[in-house]
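Residue numbers for the sequence shown follow the numbering used here, so the first one is 1 and each next one is one higher.
Bear in mind the hints are in silico, worked out from the structure with no lab data behind them.
Hints are supplied without guarantee of correctness; some may be wrong.
Claimed, not checked - Label pairs and their calculated CB-CB ranges:
hint, residue 1, residue 2, range
1, 23, 79, 18 to 26 Å
2, 43, 82, 17 to 25 Å
3, 37, 91, 14 to 22 Å
All values derive from a computational prediction rather than experimental measurement.
Ideal Cβ placement from N, Cα and C applies to all residues, glycine included.
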Amino acid sequence: MVANVTEERDPKAVGGAPIDVQTISRITDEVLKLQLNTSTHEAITAHAQAIHGALNLLVREELGADEDSIVRDQIERAYRVLDVNATPPEEMPAFSAFTHMREAASVARRLLWIWAEVNGVEYP
Numbered sequence: 001m002v003a004n005v006t007e008e009r010d011p012k013a014v015g016g017a018p019i020d021v022q023t024i025s026r027i028t029d030e031v032l033k034l035q036l037n038t039s040t041h042e043a044i045t046a047h048a049q050a051i052h053g054a055l056n057l058l059v060r061e062e063l064g065a066d067e068d069s070i071v072r073d074q075i076e077r078a079y080r081v082l083d084v085n086a087t088p089p090e091e092m093p094a095f096s097a098f099t100h101m102r103e104a105a106s107v108a109r110r111l112l113w114i115w116a117e118v119n120g121v122e123y124p
């Protein structure tokens, strides 16, 4: 799970779900280290679901997209990744699912870095 729902309202939380920098960072690191020849479609799907969860949290944050074209571009990329498929379907070739998962991880990593900068949180 990418984020935990807490009873206390964290000012840096979306709907009670805080941005867990360590977990999102760990997941993106894992995904970007995967190699196609050692990844099953099931593993790709599981990783993609985790990354999509992180992206869904990050795109709802106020990151300054109105003032910064780079932030706006990253958010638009995130929405394109999320729009393609919630998870890579079984019929999607492994290579396509793998590249989709890596693109999602790359965008999540960039948005997490932006979120950390905006909120004054140390990025690992």
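Status of the hints after comparison with the structure:
A hinted range of 18 to 26 Å holds for the C-beta pair residue 23 and residue 79, which are about 22 Å apart. Hint check: residue 43 to residue 82, Cβ distance near 20 Å, so the stated range 17 to 25 Å holds. For residue 37 and residue 91, the hinted distance range of 14 to 22 Å is satisfied, since their beta carbons lie about 21 Å from each other.
When each numbered hint is compared with the structure, no violation occurs for any of them.
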